[in-house]
Structures are given as structure tokens and as C-alpha cells.
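With chain A fixed as given, assemble chain B onto it according to the hints.
Protein chains: 2
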Amino acid sequence: MTATDLVLSPGTSAPPLLSRLAVSAAAVEGGVMSNAEMFTWLAERQAEQQQHVERVPFTALRGWRFDNRTGDLRHDSGRFFSVRGLTVKSDFGPVRSWQQPIIQQPEIGILGIALRDFDGVPHLLMQAKSEPGNVNGVQLSPTVQATKSNYTRVHGGSAVPYLDAFRRPDPGRVVADVLQSEQGSWFLHKRNRNMIVEVGPEVRAGDDFAWLTLGQVNLLMRHDNVVNMDARTVLSCLPDWRGADDGPAGDAGWSLHPDREIRTWITRRRAEHEVVVAPIPLAQTNGWLRTPHAVTHCNGLYFDVVAVDVSSRGREVPAWTQPLLEPRGMGVAALFVKRIDGVPHVLLRARAEPGFLDVVELGPTVQCVPENYEHLPSEDRPPYLAEALERRAGARYDVVLSEEGGRFRNAQSHYMIVETEREFPAVSDEFRWLTLRQLDELLRYSHHLNVQARTLVAALRTL
Amino acid sequence: MTATDLVLSPGTSAPPLLSRLAVSAAAVEGGVMSNAEMFTWLAERQAEQQQHVERVPFTALRGWRFDNRTGDLRHDSGRFFSVRGLTVKSDFGPVRSWQQPIIQQPEIGILGIALRDFDGVPHLLMQAKSEPGNVNGVQLSPTVQATKSNYTRVHGGSAVPYLDAFRRPDPGRVVADVLQSEQGSWFLHKRNRNMIVEVGPEVRAGDDFAWLTLGQVNLLMRHDNVVNMDARTVLSCLPDWRGADDGPAGDAGWSLHPDREIRTWITRRRAEHEVVVAPIPLAQTNGWLRTPHAVTHCNGLYFDVVAVDVSSRGREVPAWTQPLLEPRGMGVAALFVKRIDGVPHVLLRARAEPGFLDVVELGPTVQCVPENYEHLPSEDRPPYLAEALERRAGARYDVVLSEEGGRFRNAQSHYMIVETEREFPAVSDEFRWLTLRQLDELLRYSHHLNVQARTLVAALRTL
Numbered sequence: 155m156t157a158t159d160l161v162l163s164p165g166t167s168a169p170p171l172l173s174r175l176a177v178s179a180a181a182v183e184g185g186v187m188s189n190a191e192m193f194t195w196l197a198e199r200q201a202e203q204q205q206h207v208e209r210v211p212f213t214a215l216r217g218w219r220f221d222n223r224t225g226d227l228r229h230d231s232g233r234f235f236s237v238r239g240l241t242v243k244s245d246f247g248p249v250r251s252w253q254q255p256i257i258q259q260p261e262i263g264i265l266g267i268a269l270r271d272f273d274g275v276p277h278l279l280m281q282a283k284s285e286p287g288n289v290n291g292v293q294l295s296p297t298v299q300a301t302k303s304n305y306t307r308v309h310g311g312s313a314v315p316y317l318d319a320f321r322r323p324d325p326g327r328v329v330a331d332v333l334q335s336e337q338g339s340w341f342l343h344k345r346n347r348n349m350i351v352e353v354g355p356e357v358r359a360g361d362d363f364a365w366l367t368l369g370q371v372n373l374l375m376r377h378d379n380v381v382n383m384d385a386r387t388v389l390s391c392l393p394d395w396r397g398a399d400d401g402p403a404g405d406a407g408w409s410l411h412p413d414r415e416i417r418t419w420i421t422r423r424r425a426e427h428e429v430v431v432a433p434i435p436l437a438q439t440n441g442w443l444r445t446p447h448a449v450t451h452c453n454g455l456y457f458d459v460v461a462v463d464v465s466s467r468g469r470e471v472p473a474w475t476q477p478l479l480e481p482r483g484m485g486v487a488a489l490f491v492k493r494i495d496g497v498p499h500v501l502l503r504a505r506a507e508p509g510f511l512d513v514v515e516l517g518p519t520v521q522c523v524p525e526n527y528e529h530l531p532s533e534d535r536p537p538y539l540a541e542a543l544e545r546r547a548g549a550r551y552d553v554v555l556s557e558e559g560g561r562f563r564n565a566q567s568h569y570m571i572v573e574t575e576r577e578f579p580a581v582s583d584e585f586r587w588l589t590l591r592q593l594d595e596l597l598r599y600s601h602h603l604n605v606q607a608r609t610l611v612a613a614l615r616t617l
Numbered sequence: 155m156t157a158t159d160l161v162l163s164p165g166t167s168a169p170p171l172l173s174r175l176a177v178s179a180a181a182v183e184g185g186v187m188s189n190a191e192m193f194t195w196l197a198e199r200q201a202e203q204q205q206h207v208e209r210v211p212f213t214a215l216r217g218w219r220f221d222n223r224t225g226d227l228r229h230d231s232g233r234f235f236s237v238r239g240l241t242v243k244s245d246f247g248p249v250r251s252w253q254q255p256i257i258q259q260p261e262i263g264i265l266g267i268a269l270r271d272f273d274g275v276p277h278l279l280m281q282a283k284s285e286p287g288n289v290n291g292v293q294l295s296p297t298v299q300a301t302k303s304n305y306t307r308v309h310g311g312s313a314v315p316y317l318d319a320f321r322r323p324d325p326g327r328v329v330a331d332v333l334q335s336e337q338g339s340w341f342l343h344k345r346n347r348n349m350i351v352e353v354g355p356e357v358r359a360g361d362d363f364a365w366l367t368l369g370q371v372n373l374l375m376r377h378d379n380v381v382n383m384d385a386r387t388v389l390s391c392l393p394d395w396r397g398a399d400d401g402p403a404g405d406a407g408w409s410l411h412p413d414r415e416i417r418t419w420i421t422r423r424r425a426e427h428e429v430v431v432a433p434i435p436l437a438q439t440n441g442w443l444r445t446p447h448a449v450t451h452c453n454g455l456y457f458d459v460v461a462v463d464v465s466s467r468g469r470e471v472p473a474w475t476q477p478l479l480e481p482r483g484m485g486v487a488a489l490f491v492k493r494i495d496g497v498p499h500v501l502l503r504a505r506a507e508p509g510f511l512d513v514v515e516l517g518p519t520v521q522c523v524p525e526n527y528e529h530l531p532s533e534d535r536p537p538y539l540a541e542a543l544e545r546r547a548g549a550r551y552d553v554v555l556s557e558e559g560g561r562f563r564n565a566q567s568h569y570m571i572v573e574t575e576r577e578f579p580a581v582s583d584e585f586r587w588l589t590l591r592q593l594d595e596l597l598r599y600s601h602h603l604n605v606q607a608r609t610l611v612a613a614l615r616t617l
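First to last, the protein sequences are chains A and B.
For the first sequence, our numbering gives the first residue as 155, with consecutive numbering after it.
For the second sequence, our numbering gives the first residue as 155, with consecutive numbering after it.
Next up, chain A with everything else stripped away, as it sits in the complex:
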């Protein structure tokens, strides 16, 4: 099928969205920009936005300080985010109560991608954006990636480009608009608005921006550390364009568990778990120490809170300092895929991360930093971790991707999609096999798939 076929199909003035997205995904050689030009553009932006990022002691932070009373790390303006303590008590899992630092950022930001047709093929307006926590400087970001502090200009920077397209869009031009959570182990109740909005020819790409087809973005998704977390989560909220020419993606599609069963499973996991979390003063967080250079776990596990000094010319603000959360060790996020009666299903785990707003969200089959489990007996290691690592060589997707570089330093994981042909039953009530259509449906509503699962949904659509 070509874009022309669609435009000329009788009885429709415009081809339906899913067909148009399918055309964009099939355009792997690009349209506005060739692939060669795209890689050149990324390299140029990399050079242009070069940042100098240096670890500094907390005393070198400007505008940030540890509260005298609580020890919480906060910005003098009270905006941006703060690092507080959290006490967690749950009624399941190998470790049932602990304390930890956590990032609190109550504002809801906008992560938005603009979509515009060129010669009948939708293109995504992607941004080359450096973040201080990225291992490699510039990564491919959404059109807009703005906290409320950003766009209300708390830090006195320049206006966020393209923001207007997302703040009051024509409702008929909104492809997706949904609140989604971010890392529930590192953020307390954080979520962002994930938006995709169709725009017209009045929107043009500035120097740090490029119009790429979905096929090109999918190509970049196969490269280590190119597509950033914010872009990945927005991409996952696109309706699934594969296997459907129009209408919602196969409402009648068969699945191992009917939709109602999946909903009751999620409800039950949320209702039956008791996860009690309460913010506490960072200074009273047991098991964590504050040194001049880091807030760190006494066994050297999990993560550190550190400070960096950033100088750059590509950012809104020429030079600044800020805290970042730096995980210890490389993560693993693996999704098992299996055809059941010919229909692809993925194995999701109902996870209760302490920072989730609604107790439980669905995560990948495996999601962990293996080092954090080495001190535990082998039966307490994450289910399927050993199988995921064994089968890595044959994985259909195996790419190193970073979490958000504006909050996390060197936070990388091996994202893997592993096809399992032989019997891989769900080992417990925490796991269920879902179809891609079911993922699509859950992604229309907030707080069902966690951010790692959403990255793997975006990855799955590149295969």
C-alpha cells in the first residue's frame, strides 16, 4: 500500500490515522531528511550543544540547599524538584520495609511530539537535546519536553519552542494525550502529560529540530542511547498502527485473557496489596548517609544523589548546577514475547513501585539492576532474570537506553525483547500474557503501563 492509494481511496477525504502512521513507519528511508542527513544532523547538534558536566560537592550547588531541619535537598524557589526521604512498608516481596531518598516533583509537565504531513506522509518533529545526565550528551527528544517550571519560566530562560501547539490544540488534532507515570522507584507520584498533536505547515523545524518519519525514529530506536526516555514514552502512546487499516486496532482480536479479566487482575493486585508510603525527612532516612559529595546507601547499593555543574551554550540557561540521581549498576528490562494460538502476547508483571500513584502498574517481564539482588538468596532474585540473560544472544531487540538525563546520571539499562517458543507459563499471579491490542487499550488510560514497559512497547513496534 502506498500513500497515494490511501489518498485516492474512494469515499474518504483523508486516510484514517492508523493507515497514515503505517505509511510513516514504512518510510524507513525518510522523506524530508534522508537517513544520512539525519545522522549528520545529530552529529552536528552533538558538537553544537557540547556540555561540560562536572561532579561537584554539594557545597558548590547554587540555588539548591539541604534544609536545616529536614535535610531535604530543595531549590530556593521551591520549584523544580526536591529530594526527600520515603519510608515504605508493604506486605509482599523479599524486602517488605525500607527507607530511601526519592525525588518529589509534583508539577505535571508536557512531553509532546508534533506530527505534520509532508507529501501525505506524517513526520514527527524530533529535537536533538543534550541533558547533563546523558552518557553521550545529545539524544533524540520530543518536540517539547517541559516541566511547568520550564514553561512558566521560573529559571528565567527563554521560552519553550512549540509549546503553544500543545497548550491549546484544536481537540480534533490531538492523536494522544494521557498522563503517564515515571520511575516509581526514584520519583514520588511523578507523571507527565504524553501528547501527540497534528500540526500544519505553519510549524517549521528550527536548528535543533528535524522532521523524521516513524520509520526513521524506529531505526534510531535500534541504536544505543539515541532515543531518549521522554521520546520513547510519547511514542508508546501512539495508537498501534500495525495490523489495522482503519478503526480501532482489532477490537475483536482474540487474547489469552479477555480484557475484563485483565482489568479485574489489575484491580485485585491494587486492592490486595498494602503498600504504605510516607515522606520522611531525608536526614532521617535509615541506611543512607550524606557525605560532602553524595547521599549514598551504606552498602553501596541502589543509587547515589550527586551534584553536577553544567556549562553549555545549547540550553535555555548558559550554566547551572543541579542534583542528579545516579543509579549503581546497569539495569535490565526484558520483555518476553510468545505467540499463543498464533497471536503475539507479551508477559507483563504487576509491579508495586513505591512512587506509583495507584499502587500497581504493569512492568516488563524483568526489570531490575541485577547487582542489587546479589546479597539476597537466589530464590529472592527476580523471576525470569536468569532466562532473560541466558537468551540474550538470541534476543529480537537488545539495545542500551538511558533514562531521563535531566534527573538521572548515567542511568542505562539493557532493554531486551526475547521471543520464547517453548512453554513459559506465568510463574505467579504477578504475571500475565497480554496481546498488543490490550497494551494499546491500557495505554489510552493513565497509570497502567510503567515507563520501562512503555519503552519496550515502542521497541516492539520497531520489529
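FYI, nobody ran anything at the bench for these hints, they're computed from the structure.
Keep in mind that the hints are not guaranteed to be accurate.
[To be verified] Examples of chain B residues toward chain A, derived with CB under 8 Å:
id, residue
1, 262
2, 424
3, 430
[Unchecked claim] Simulated DEER-style distance windows between Cβ atoms:
id, chain 1, residue 1, chain 2, residue 2, range
4, B, 428, A, 274, 35 to 45 Å
5, A, 433, B, 378, 42 to 52 Å
6, A, 354, B, 484, 48 to 58 Å
7, B, 213, A, 430, 55 to 65 Å
8, B, 327, A, 378, 43 to 53 Å
9, A, 249, B, 272, 24 to 34 Å
10, B, 541, A, 430, 37 to 47 Å
11, B, 446, A, 243, 28 to 38 Å
Glycine is no exception: its CB is placed at the ideal position from the N, C-alpha and C atoms.
Just chain B now, kept in the frame of chain A:
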């Protein structure tokens, strides 16, 4: 259409759920029990469960006390619920910051109705249950109405009947299972699991229970203070049986705003409002006083927190004392209904109640206690309140209903459905006209319709 037609329809062994519910709704004269028997049963239960409820000073509470340090009112076991303070700051509305007492009950309970076929007609297992806050003792309740403290027997009472049918049901027999919020002005982050589960002939009705058709329950919904809040919210989570013989209720149904537009509106209302709530010690709640008999607002508005002594023989525990929240004044909850291009739409308001887990849920067109607004200038009174009161005489539904009598004392509202023929535009971005199919879809997912709107959905289906 009759039940026999459905059973004999070719190619299906069992008629689809929606058709069966339609048959049950059409059975207005009942099946297992005639309407005359039903009213007799209710009257008998009323006599049998007679409770003596008396206002007492706080010092007469047994097992409950005000914390010395915070002034919070708590049970010695740490379970059930507590009354704390809340500080609220928002960026919209006539009153943008205030403090108030609020009930905190972090456990998720079960509200469940069992569904069983008699001669091919589904019947609901309803309970006659007295609650100390009810103005009239016994009301019609779900099969199971249990907090976690209830069913884990913190208060040493007898086991909750029928609970097993809801705790581990056969997934294929679950008709609905969804977490839904309760009063966001009185509860902090409270939600319950709303369940409807099909059961077999092994489930029989005890003395306090009766098998009623949907038609009979709908009949009782037209009587003042008969169907309790818990029953109403569970009923609203039934899939809408009207206008559809099988399959999901008219996926292709036209609506003024497409589903995607409604979702983006909800997302935007949630993202753009800043509602910052934080628990504070009850003793430090500005504007509220603690007397020996009540925690009360200094202007006599909103509500009181009071204590009662209850003696009864029908309850799990023979006699007890407990706090209750007693609102000042009678509420109004009105839903405007209008045919747009022949399709019925209802006017909902995006409400930010401080106790909501996710900032905003959709409420009725009007929801307020009019007295609480009398001290404000007329432009700050709730939109459409005057129209609702003017049109009360011609309302299609106008019934006084109570909120949950286990937490609220004499908490009654005029629930009204008002058909508007002439032009009633949505006055601001807070309002939208939605179809009944759209309500149905939103009710499958948690935290979209508030408890007052859910009562009105249940009421709407009785018309």
C-alpha cells in the same frame, strides 16, 4: 423480547450478558420475591436490626482517642480510619486555599454484588443493612460491603458472609471489578473495589439478604433513602444494558465529542490544575474548633465530626462507639440531560476535590450544599444551581438519597435528573456533554466518575 427467546436463539449456548441484564431490568415485578414480599422483607429487617444511635461526647468513645501530639482522632488499633487535618491550595475557583478535617482510610475495601440466574433471569443478592449514620436505619446494600479491617476481623466480629465469592472468583464470572473513589471532600484518597460477580445455585440468601431483579432494584432507586451509596456505586459499574443486544454497548455510537477529545479534556484538566494537598495535624486546622461534642467549623458551615454510641443486635459487633462526619445542610446533586441530534447526552463537570487520588474526576452538572455558598457573592455560586432548582418540579428523577451511613451521619442530598430541551451550552471548559456510552467506557477504568455522578448514572438507568 423474552428470556426464552434469548435462550433459544441459534448459535449461542448462553445469551450475552447485556441481553440478560436487559431481561432482569424488564422484570419489574420480580422473580424470586414479589414486590409486596420485598417491601415486607425490608420492613421486617428494619424491625429486626433496630439500632439505638445516640450522640455522645468524644470522651465517651471507646477505643478511639485524639492523639496528644497531633490532635488526630484515631482508633487504638491503628485500623479503621482516622480523622486528620488537610491543607489545600489550588489555583482556581472562588476559594483557593483552606484547611479542613478529612477522613483517612488507606485500606481498599470490597463492595460486591452477587448475580445469579433464576429461570434464566439474573437476580442481584441485595442486603438489608443498618448503619448508624442512616436517617432511617436499614437501607438496601450490596451483598458484601467490607473494609479490610472488617474481613480480616480487626474488631473481632463474625465473618463477612459471601466474602469468598468475591475474594477469588473464577475470572470468567466477573462482570465488573474496578476501583472507584468516594467523596473527595470528606475522604483522602479513599477508594473501594466495586465488584459484580456471577455465582451459582450454591449461593443462597440468608435472612438479611434477598434475590432481586434489576427491575426491582431500579424500582427501589425511586424511593427516598432506600438504596444505599455502596449499592448505587456498584450498580453504576454494571455495563449499560440499554440499547444494545450484544457486544459492547454501541462502539460506533455518535457523540458530540469523540472519545479521544473527552480523554484529552480530562488529561488537560488534571495537568493544568495545581491542587496541592498535604495532611496536617487536626489540632492545627485553621478555622475549625474542637468542643467536647464536635469538631466544627467556626462559621457553622460544611460539616461536623461527631461521636455516636450504637447498640444493635443485627451487626457484627453488638455495641460500639465511633466518630461520624455530619454535613451541615442538604446537598443537591443534579444531572442535566439533553438530546443532541437525537442522542442523549449528560452534562458533567470536571471537579478537583481535594481527596481525589488523581486531581480531577467528573461529577454531576451541579453538586453542592447550597448553604455553604450563601456567604459568597452570587457569581461565585455553582454554575447551573439556580437552573436546577427552578426546574426541579419537572425533573425526571428527584429522590433523596444518603451517603454511606458507616461514615456519614444524616448525609442526604436531592439527587435530580433534569431534562433540558432548550439550549444549555457548557458555560466553561469545566463542563462537557457526554453520551451514556462514553460514561460506560469511563466507568471501566478507575477514577473518572465521582461517587455522586455514579449514583446519577445508576438513577439514569432506572428511567
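Hint by hint, here is what the structure shows:
1. Below 8 Å, beta-carbon pairs count as interface contacts, and residue 262 of chain B has one with chain A at about 4 Å; its hint therefore holds.
2. For residue 424 of chain B, the interface hint holds, the least distance from its beta-carbon to any beta-carbon of chain A being 6 Å, beneath 8 Å.
3. Interface hint at residue 430 of chain B: satisfied, since its Cβ lies 7 Å from the closest Cβ of chain A, which is below the 8 Å cut-off.
4. At roughly 41 Å, the beta-carbon separation of residue 428 of chain B and residue 274 of chain A lies within the given 35 to 45 Å, and the hint holds.
5. The given range of 42 to 52 Å is respected by residue 433 of chain A and residue 378 of chain B, whose C-beta atoms sit roughly 44 Å from each other.
6. Checked against the hint of 48 to 58 Å, the C-beta distance between residue 354 of chain A and residue 484 of chain B comes to roughly 52 Å, which is consistent with it.
7. The beta-carbon spacing between residue 213 of chain B and residue 430 of chain A, approximately 30 Å, falls outside the hinted interval of 55 to 65 Å.
8. In this structure, residue 327 of chain B and residue 378 of chain A meet the distance hint of 43 to 53 Å, their C-beta atoms being roughly 48 Å apart.
9. Separation of residue 249 of chain A from residue 272 of chain B is about 50 Å and departs from the stated range, judged on CB atoms against 24 to 34 Å.
10. At about 45 Å, the beta-carbon gap between residue 541 of chain B and residue 430 of chain A stays in the expected band of 37 to 47 Å.
11. The beta-carbon spacing between residue 446 of chain B and residue 243 of chain A, approximately 35 Å, falls within the hinted interval of 28 to 38 Å.
Checked against the numbered hints above, the structure breaks hints 7, 9 and satisfies the rest.
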